[in-house]
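When you get a sec, could you build the whole thing from the sequences and use the hints?
Heads up: the sequence lines are chains A and B, in that order. So in the numbering used here, the last one in the first sequence is 313, and the numbering has no gaps at all. So in the numbering used here, the last one in the second sequence is 505, and the numbering has no gaps at all.
In short, the hints are calculated from the structure, not lab data. A few of these clues could be false.
[Unchecked claim] Just the calculated beta-carbon pair ranges, DEER-fashion:
| hint | chain 1 | residue 1 | chain 2 | residue 2 | range |
| --- | --- | --- | --- | --- | --- |
| 1 | B | D330 | A | F144 | 41 to 49 Å |
| 2 | B | D448 | A | I24 | 27 to 35 Å |
| 3 | A | V153 | B | A423 | 51 to 59 Å |
| 4 | B | D330 | A | F145 | 44 to 52 Å |
| 5 | B | P40 | A | T10 | 37 to 45 Å |
| 6 | B | A423 | A | I294 | 35 to 43 Å |
| 7 | B | F347 | A | I294 | 56 to 64 Å |
| 8 | B | P40 | A | K2 | 49 to 57 Å |
| 9 | A | A25 | B | K108 | 13 to 21 Å |
In this text, a Cβ means the ideal position worked out from N, Cα and C, and glycines have one as well.
What follows is each chain in one-letter form.
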Amino acid sequence: MKTVFKKLFTFVITVLLVTLFVFIAFELIPGDAATARLGINATPEALSVLREELGLTRPFFVRYFSWLFSFFFGDMGTSYSYGVSVRSMLASKLPITLTLTLMSFVMVVVLSIPIGVITSKYEDRPASKIIDVIGQLTMSIPPFFLGIIVTYVFGMILHLFVPGGFVSYNVNFGKFLGYLVFPSFAIALPKAAMSTKLLKTSILSERKLDYVRTAYSRGNSTTDVMYKHVLKNAIIPVITFLGMTLADIVAGSLVIEQVFSIPGYGRLLITSISNRDYAVVQAIIAIIAMLVIIINLIVDILYQVLDPRLRGN
Amino acid sequence: MMIMKRLMALVCAAMIPAVVLTACSGDKTDSSSSIVVGIPQDLEDSLDPHEAVAAGTKEILFNIYEGLLKPDENGELVPAVAESYSVSEDGMTYSFNLRDDVKFHDGKNVTAEDVKYSIEKSAGKLGGNSLIGAFDNINEVSVRNNDTVDITLNEPDIDFPAYIANLNASIIPKDNAKPAENPIGTGPYKYVSRSPQENIILKKFDGYWGTPANIENITLKIIPNADSIVMNLNGGAVDMFARLTSAQTQQLNSNFNILEGEMNLVQAVYLNHSVKPFDNVDVCRALSYAVDVDNILELTSDKKGFPVGSSMFPAFKKYYVDLSDSYPTDKEKAKELLAKAGYQDGFTFSITVPSNYQPHVEAAQVVSQQLKDIGVNAEIKLVEWNTWLSDVYAGRQYEATLIGVDASSLTATAMLDRFVSGADNNFTNYSNAEYDALYEKLYSTPTDAGRTEIYKELQKNLAVNAANIYIQDMAEFVALSDKYEGYVFYPLYVQDFAKIKLKTQ
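This is the structure in structure tokens:
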């Protein structure tokens, strides 16, 4: 309970600070929602009429606190560029970004844990060395570029998907998931490589410890020692890493959405920044902050479940 | 241990759909009359025609809305919601006779009241702004009878029909409370739905009064990332994309026909005449002599593009004078002029370029290189579009900027009025007494021939004084899948989807 309160407090402070910074940033960069909308048709009169209409003439703190107040009561305001409620806009895009993030995360886990276990077991075999090298390579490729390579290989050469052929979840859910497999893969690969390497080193160092020798001396088989003893201890740092990775994946999905033409939060965020549509930007950033904090909370809870030593504290 | 097992089971279960689904995602439904058109940005300003500002928005809305008149592909004004119009002797009253078979997309007939409402709303008489400055000149809009609407002006304006044909003067139903969320017009396509940053769906309007559209369904797919455009086209997700660069078209596969037209804009290094040294005409001329337009075209667009020498593009056939050879490349002469102006050692200035327009960025790089030859150091300053709008365009805080300027309506003044001293949109701060006097003469010249002559003089004035370093009207490339045909270029920033059709086998 105490943890939940602590997390809730962190959340409130984080959202407050993050949104305040975004507001300040919008004050500092040139242009506002009115200049963005009127473009080269902007005359001083037209600008002042539109600014009045959009409520941009109010003082900074009045605008910020009125936004904050409404936000905590669930009203995210109206988008300047679309004229529709931000809430409905974000609600319709949430499944896209969320699916992409979760799918990538599942891939990281699915790829890294078995590969980590196997490569640590057959540490000296050439195949294991090759996997190491491949891992090192994928780790150093930025997700954006990896996205382009994935599109090229799976889309243009193997024709497994149509690049840019995104289908929305409410049109055809199967095709929607099918399309997201490849961008998720592009996000997941470097993270999976890192997680594999971490797990492998973690297992190798655990195996040198005394309790492992004791376990063998009690007559346990190699497999038993591995899964019942070594992995349970070796997985702890990996869980920490996966928690941080999930936050990273959210950020990565914003980038990958650009490459794969996926109309999720990333696209909306970037265009809203250039349109100075701060109602949308604020809401997205607050939601992402919220996601990251919730993820951290889940990781903390998972720790306690996996590591009995932490339960006492 | 239990947890580990469950975790593993979960992981494995999650993997199955991912693998299965991969197999069924590759096909695209290919309905006989639908087309997916890629557009580089969403329609973010407004779907209300009276509030739409961005050229990229207006060119799409052109298919949904119509005014009393509209432009055709030759740049002529043709009747649309109005069947014909007449002007009173004194040039003060325009009477529009409405067609009796024009329907809105919701099935209702267009009435004279709707027209009165639309023009008044567009002119800002019902609150808000007017996006057509010339509509300040409207004194009254009155309904004479069910088929006739009279518009009375404060003073005669021979260009008035061109403003009436502007998309911002489209006719919309009076009883539609929210035109931005529920767009209803009279055009050949009707609005179906949109998903922000994803798509906009249009459907052929069966009750259209004129030549009906050919393709039944249009999906406008938003692809803001320039690198993804080619992949989307080659991968088959998109059937058409306009305004591609020549480099992009070279990467397309053989399933596309590349159509070439002009963008109908004037790309130039626009100079801020209120900062030194651009207040000195010799410096401006020197720079114009130093810049080699052919070389720019060769390096940036594979020699495609139409060199221009003043603020008018060739599609304005009647008004256009070819002044592109006013400053043949001559570095020696450029140096002489610089010396005469007192800059024999050259100088340094910055060219501000919006970073999202790659062709302008590339042209700026070539210009900067060319100017080095005469000792002038041009630094390129990349800014984001909104910063450009606010600092350069509205704030006029810049030295030079490389950009394309287009015409908001089919009038020569749309290109030329921005160089009159003190004009609201004169972002170059050009101030020339002779130019102002010539422009003033337009008001007292009633004949079309007389005015055309003045427009030509105005263009020459800009060329002689090297108001800007003029480059080109850029080539426009449209990629259209070979399943379709019938794309037409307009002398305005317009995409006419109604004429596109499936190729007959």
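Checked hints:
no.: 1; hint: B/D330 - A/F144: 41 to 49 Å; verdict: 45 Å, holds
no.: 2; hint: B/D448 - A/I24: 27 to 35 Å; verdict: 55 Å, violated
no.: 3; hint: A/V153 - B/A423: 51 to 59 Å; verdict: 55 Å, holds
no.: 4; hint: B/D330 - A/F145: 44 to 52 Å; verdict: 45 Å, holds
no.: 5; hint: B/P40 - A/T10: 37 to 45 Å; verdict: 40 Å, holds
no.: 6; hint: B/A423 - A/I294: 35 to 43 Å; verdict: 55 Å, violated
no.: 7; hint: B/F347 - A/I294: 56 to 64 Å; verdict: 57 Å, holds
no.: 8; hint: B/P40 - A/K2: 49 to 57 Å; verdict: 52 Å, holds
no.: 9; hint: A/A25 - B/K108: 13 to 21 Å; verdict: 47 Å, violated
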